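K.L.:
Go ahead and model the full structure; you've got the sequences and the hints to work with.
Number of protein chains: 2
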Amino acid sequence: MNFNNKLIENAVDEISKLPGIGKRSALRVVLHLLRQPKIQTQGLSQSLVELREKVQYCQNCFNISETPICGICRSHSRDSSMICVVESIEDVMAIENTAQFKGHYHVLGGVVSPLLGIVIDDLTIVQLVERVNKQNIKELIFALSSTVEADSTAYYIYKQLQKNELKISTLARGIPLGDELEYADELTLGRSIIARIPFEKSFEIH
Amino acid sequence: MNFNNKLIENAVDEISKLPGIGKRSALRVVLHLLRQPKIQTQGLSQSLVELREKVQYCQNCFNISETPICGICRSHSRDSSMICVVESIEDVMAIENTAQFKGHYHVLGGVVSPLLGIVIDDLTIVQLVERVNKQNIKELIFALSSTVEADSTAYYIYKQLQKNELKISTLARGIPLGDELEYADELTLGRSIIARIPFEKSFEIH
Chain A
90 MNFNNKLIEN AVDEISKLPG IGKRSALRVV LHLLRQPKIQ TQGLSQSLVE
140 LREKVQYCQN CFNISETPIC GICRSHSRDS SMICVVESIE DVMAIENTAQ
190 FKGHYHVLGG VVSPLLGIVI DDLTIVQLVE RVNKQNIKEL IFALSSTVEA
240 DSTAYYIYKQ LQKNELKIST LARGIPLGDE LEYADELTLG RSIIARIPFE
290 KSFEIH
Chain B
90 MNFNNKLIEN AVDEISKLPG IGKRSALRVV LHLLRQPKIQ TQGLSQSLVE
140 LREKVQYCQN CFNISETPIC GICRSHSRDS SMICVVESIE DVMAIENTAQ
190 FKGHYHVLGG VVSPLLGIVI DDLTIVQLVE RVNKQNIKEL IFALSSTVEA
240 DSTAYYIYKQ LQKNELKIST LARGIPLGDE LEYADELTLG RSIIARIPFE
290 KSFEIH
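Protein chains in written order, with my numbering: chain A, 90 to 295; chain B, 90 to 295.
Hints may contain errors.
Chain copies aren't distinguished; within one or between two, either way the pair holds.
With a cut-off of at most 25 Å between alpha-carbon atoms, the simulated PhoX-like pairs for lysine-lysine come out as follows [to be verified]:
id, residue 1, residue 2
1, Lys191, Lys95
2, Lys95, Lys143
3, Lys112, Lys143
4, Lys112, Lys127
5, Lys252, Lys227
6, Lys127, Lys106
Just so you know, these hints were derived from the structure itself, not from any lab.
Values in this document were obtained by computation on a predicted structure and should not be read as measured data.
P.N.:
Pasting the structure below:
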């Protein structure tokens, strides 16, 4: 596509570097901004620069933060003896939105993956082990993806921490709430038969 | 969605004001920028501000421009006696990309639409009439949408300029090239039977 205008071309190029936005959508964004008051573009631009300049990672849990220690780690109303181990800050947001967890987090930054070239040292596993050893941690909850890579990463961490007197659990796997049985995949269905729960316990979930 | 972070919330809010981007995609963009080097965010932000500050509208044809008169209007290799009347700058880009037109443009800024509250004074019709009267214009080509509103806008302009010795044409309507006949809509098919062209002329198009 030829825009006959260097400024538009630049802006379209920069916008189309973003995930999920092609040249055509980028042009739509550009023409939209041109139609709106200047203040909107200034606001957008400033929020992006501020975001990138000021966001840092919590030195304790590696969640995003505006301060060296994040709001969750600083909060007095949260249980600091429980750590929920997640892959990414997206996962922290997802779990926070359920309002079902009131402990602390630890963001690994991914899982070990030979295919993607992610090794143990790329993740914050050493820091997690250190936290467990130094802080008064009673329970660790693995809230990782249901993949081979995530499972083996969890197993590696489990092995590192086994000697501690620590309760280690992982997320329940099974049929998602609201799903119809006939559409569940075989593996999940099979596993959830094996891992069936006492009927009285199912009331707690609903 | 709760992001637990004011900077992320601000950025997501600003990004999700853009067309075609919801909160979830905006968050993806934000987390992507956080993972990339700072220079990418700076480049994006700067290109947007520059775009909004420096882009202006050509005083002659109302196309976007970096100078008071746009590159197309200034070009010596283009035929200034032909004006292609379009609704928007997107249409200029679309026609430029065909490389089939070497005249000048006139961007109306929309079409008259009582439903959307767009009246004649919102458009650049007065300026178009002035151009035709003052400049040496020989042909006017309407390249507008195929809608009732566009048709009546074209008709209004046609009435204003009828007294001039001016060739006025409009885009050919018919079956799009490459389309299968059975999928063409009835109206287009019917019209293209009525407006059939001599077989020899069809060679010029292909």
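K.L.:
Confirm or reject each hint.
P.N.:
Hints, verified against the model:
For the identical chains of this complex, Lys191 and Lys95 are inter-copy neighbours only, at 20 Å across copies versus 51 Å inside a copy, given an alpha-carbon limit of 25 Å. For a Cα distance limit of 25 Å, the shortest separation of Lys95 from Lys143 across copies, 11 Å, qualifies, whereas the shortest one inside one copy, 31 Å, does not. For a Cα distance limit of 25 Å, the shortest separation of Lys112 from Lys143 across copies, 21 Å, qualifies, whereas the shortest one inside one copy, 29 Å, does not. When the C-alpha separation of Lys112 and Lys127 is checked against a cutoff of 25 Å, the pair qualifies both within a copy, at 22 Å, and between copies, at 22 Å.
For the identical chains of this complex, Lys252 and Lys227 are intra-copy neighbours only, at 13 Å inside a copy versus 90 Å across copies, given an alpha-carbon limit of 25 Å. Within a single copy, Lys127 and Lys106 get their C-alpha atoms as close as 23 Å, and across copies as close as 14 Å, so both meet the 25 Å cut-off.
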